[in-house]
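2 protein chains.
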Amino acid sequence: MTTWLDLPADSPYGIHNLPYGVFSAPDRPGRRRIGVRIGDFVLDAGAAARALGRPSVLLDADTLNPLMAAGRSTWTEVRAALTGWLSDEAHRPEISRCLVDLADAELHLPFEVADYVDFYASEHHATNLGRIFRPGSEPLTPNWKHLPIGYHGRAGTVVVSDTPIVRPHGQRKAPADALPSFGPTRRLDIEAEVGFVVGTPTALGTRVALADFREHVFGVCLLNDWSARDIQAWEYVPLGPFLGKSFATSVSPWVVPLDALEAARVTPPARDVEPLPYLDDRDGEPWGLDLAIEVSLNGQVISRPPFASMYWTAAQQLAHMTVNGASLRTGDLYASGTVSGPEPETRGALIELTWNGEQPVKLQDGATRTFLEDGDEVTLTATAPGPDGTRIGFGEVTGRIVP
Amino acid sequence: MTTWLDLPADSPYGIHNLPYGVFSAPDRPGRRRIGVRIGDFVLDAGAAARALGRPSVLLDADTLNPLMAAGRSTWTEVRAALTGWLSDEAHRPEISRCLVDLADAELHLPFEVADYVDFYASEHHATNLGRIFRPGSEPLTPNWKHLPIGYHGRAGTVVVSDTPIVRPHGQRKAPADALPSFGPTRRLDIEAEVGFVVGTPTALGTRVALADFREHVFGVCLLNDWSARDIQAWEYVPLGPFLGKSFATSVSPWVVPLDALEAARVTPPARDVEPLPYLDDRDGEPWGLDLAIEVSLNGQVISRPPFASMYWTAAQQLAHMTVNGASLRTGDLYASGTVSGPEPETRGALIELTWNGEQPVKLQDGATRTFLEDGDEVTLTATAPGPDGTRIGFGEVTGRIVP
Numbered sequence: 001m002t003t004w005l006d007l008p009a010d011s012p013y014g015i016h017n018l019p020y021g022v023f024s025a026p027d028r029p030g031r032r033r034i035g036v037r038i039g040d041f042v043l044d045a046g047a048a049a050r051a052l053g054r055p056s057v058l059l060d061a062d063t064l065n066p067l068m069a070a071g072r073s074t075w076t077e078v079r080a081a082l083t084g085w086l087s088d089e090a091h092r093p094e095i096s097r098c099l100v101d102l103a104d105a106e107l108h109l110p111f112e113v114a115d116y117v118d119f120y121a122s123e124h125h126a127t128n129l130g131r132i133f134r135p136g137s138e139p140l141t142p143n144w145k146h147l148p149i150g151y152h153g154r155a156g157t158v159v160v161s162d163t164p165i166v167r168p169h170g171q172r173k174a175p176a177d178a179l180p181s182f183g184p185t186r187r188l189d190i191e192a193e194v195g196f197v198v199g200t201p202t203a204l205g206t207r208v209a210l211a212d213f214r215e216h217v218f219g220v221c222l223l224n225d226w227s228a229r230d231i232q233a234w235e236y237v238p239l240g241p242f243l244g245k246s247f248a249t250s251v252s253p254w255v256v257p258l259d260a261l262e263a264a265r266v267t268p269p270a271r272d273v274e275p276l277p278y279l280d281d282r283d284g285e286p287w288g289l290d291l292a293i294e295v296s297l298n299g300q301v302i303s304r305p306p307f308a309s310m311y312w313t314a315a316q317q318l319a320h321m322t323v324n325g326a327s328l329r330t331g332d333l334y335a336s337g338t339v340s341g342p343e344p345e346t347r348g349a350l351i352e353l354t355w356n357g358e359q360p361v362k363l364q365d366g367a368t369r370t371f372l373e374d375g376d377e378v379t380l381t382a383t384a385p386g387p388d389g390t391r392i393g394f395g396e397v398t399g400r401i402v403p
Numbered sequence: 404m405t406t407w408l409d410l411p412a413d414s415p416y417g418i419h420n421l422p423y424g425v426f427s428a429p430d431r432p433g434r435r436r437i438g439v440r441i442g443d444f445v446l447d448a449g450a451a452a453r454a455l456g457r458p459s460v461l462l463d464a465d466t467l468n469p470l471m472a473a474g475r476s477t478w479t480e481v482r483a484a485l486t487g488w489l490s491d492e493a494h495r496p497e498i499s500r501c502l503v504d505l506a507d508a509e510l511h512l513p514f515e516v517a518d519y520v521d522f523y524a525s526e527h528h529a530t531n532l533g534r535i536f537r538p539g540s541e542p543l544t545p546n547w548k549h550l551p552i553g554y555h556g557r558a559g560t561v562v563v564s565d566t567p568i569v570r571p572h573g574q575r576k577a578p579a580d581a582l583p584s585f586g587p588t589r590r591l592d593i594e595a596e597v598g599f600v601v602g603t604p605t606a607l608g609t610r611v612a613l614a615d616f617r618e619h620v621f622g623v624c625l626l627n628d629w630s631a632r633d634i635q636a637w638e639y640v641p642l643g644p645f646l647g648k649s650f651a652t653s654v655s656p657w658v659v660p661l662d663a664l665e666a667a668r669v670t671p672p673a674r675d676v677e678p679l680p681y682l683d684d685r686d687g688e689p690w691g692l693d694l695a696i697e698v699s700l701n702g703q704v705i706s707r708p709p710f711a712s713m714y715w716t717a718a719q720q721l722a723h724m725t726v727n728g729a730s731l732r733t734g735d736l737y738a739s740g741t742v743s744g745p746e747p748e749t750r751g752a753l754i755e756l757t758w759n760g761e762q763p764v765k766l767q768d769g770a771t772r773t774f775l776e777d778g779d780e781v782t783l784t785a786t787a788p789g790p791d792g793t794r795i796g797f798g799e800v801t802g803r804i805v806p
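The listed protein sequences correspond, in order, to chains G and E.
Counting in this note's numbering, the final residue of the first sequence is number 403, and the numbers go up one at a time with none missing.
Counting in this note's numbering, the final residue of the second sequence is number 806, and the numbers go up one at a time with none missing.
Calculated directly from the structure, the hints in this document are not laboratory data.
All of these numbers come straight from a predicted model, not from anything done at the bench.
Take the hints with a grain of salt, since some may be wrong.
A few chain E positions that, by computed beta-carbon distances, are all more than 10 Å from chain G [stated by the list, open to error]:
| id | residue |
| --- | --- |
| 1 | Ala412 |
| 2 | Ala493 |
| 3 | Val669 |
Rough simulated footprint, nothing fancy, chain G against chain E, three-plus residues with beta-carbon under 8 Å [unchecked claim]:
| id | segment |
| --- | --- |
| 4 | 637-646 |
| 5 | 649-656 |
| 6 | 673-684 |
| 7 | 731-740 |
Heads up, the beta-carbon is just placed ideally off N, CA and C, and yes, glycines get one too.
The task is simple: from the sequences and hints, build the whole structure.
This is how it looks when you write it as structure tokens:
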């Protein structure tokens, strides 16, 4: 399978990827359209369908939600059509007129977020935080290996990559302080995560079994769960994180179809606690994913978190999230939790990389960082194995801190 | 101010209330319309506007969201118009044709929920739970009197009154159990709460000051935050409640306009910790509200929680929720947290009323309850002082437990 476009063989945005996004461009200013990334172009998907005499209400939309709601069989059909348009030389005249230079495109939040849930699925991350915050006691809470711990976040503050991140204010109280004080966070952090986007909804009172994961999840993005550690530490007992997280969550502008990740599937790490049947994926199709993530701070790679090391998979998270009968809506977004591998240089948050600020990260210009300073820019990128030795690229998620 | 309708003088749904809802009725089957409750009638608001030659896109909608988004000055105008239509005898011929018997109306979720946040603002409730779960230690966490503790819940499972509540399954582990088990919750509980509905949105990075509360909050409803205590107890450390809550949250079908509650405003209880300036309402307009709530189980009143006893007000909660720059969307719903007064018979959850199941509630038929059984029906109602000695009624929120 090759495309008639002139792309490098190792392009992470080749014909095997075809991630979906929403863009606008100067040819129709302000008009949001569904785009599919190929190389450094964006295919105007609705225009392409019309050009070939196959107009589609799902592709002529200003968000991905209608396509996402249409379900797995439609996703397969649409992906096959797009693949055909970009590989069949006969379509080149019409389709090439529907390509926009990526540099000319403004990328928008690709879908309307319904509910946003954040998990906590890296054993290394949870263990590191336990060691930092509860030294001397068991780092993992007793429930950790029995269920994928998660909580709801703020859907309304999920923003697309390149949205400036305003340093949040809030209450902070260090253990030595007598009283809390109010002001800008002094411990602004990142969390490198992978996000899963729900397409097919479910009815209240029903569950999604592990085996039905692919019927419901449309695709995958990268996600930076910005965290104000001082605000979070003071507020989170007993009901969990709230304002320490709710000021912003950034997502990548491209949603990689689940179908593009077949070659990336791996067996998750061995579980040392037997899972309850609804979470037991040992006899089925496991959904570990071999994404290689890179975290850059001001252009310098500071960590390489391996997503394959996650203890709980996205399929287990979906099964857990719905086992109580909670319904799914099109646009539900759930994130993996911070991705941290076993080695220090694979940790997905500054609080771990700097061990609670005790071991600053050194930057090439001689500067150091414990937490983020105003003007800092953080970028997450990732690639995964594609078919036939290709690579699948994830659009970067970037945010710059403003005061 | 009186209406030309023949209503008892003490009707809680008189001309001073006029709560908004969304209904359908046999005259236009399946068609959702905005309704305003007056006595035991529903005024078809869009039809009324058209009948008087003042068609309105805000009233001819199938949810309250467009009206809610229009902002305070529009809310005032629309309320004045409705009041005029129902009080001016000259409008009686046209308007009376737009009244539907409440008994013929099906009531729907009145607005699309954007984000849902649940607070924890009753000192009595938080103290009771602290005593039950952490006997021998300080019942309130150190942060409790410095900030209104809250967390995000699941917006997609907010349902309207009369939606059956399916008993959720999940993982439960009592302290004495070696391993968690899976099955239906054995400790299904209620939480009697008051919900605040946001109309006017805000931009990311901005805050809502205490004084701007009424610019953003459209109205008030009753809310039952169903809780599976065994699931919650096992899952909630360290990131807060998740599946123990996310299976369903019931709201009343009528949203009482904030303007109907002026006479219900009271000074909140004295705070024994000085609030930070952004939460300090001592020199402004305090937003304590004197709602008298009743909780009924199978038709029998089991508790009378006084909302005026809440430590944190809805204005403080809104100021806190946005102090980190988190944006508001039209349809954001936030709940007060369980309303419990100081006396045992004013507690708003079974776990408190039965002191963790040790002191069962006695029902008139000789039965007792610690937690809810299948077939049980719970109803919350409330009234508040209205102008000129009237009462403002809140539409009941009811749910029946099904297996």
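Among the hints numbered above, which are violated by the structure, and what are their numbers in rising order? Hint check: nothing fails, all pass.
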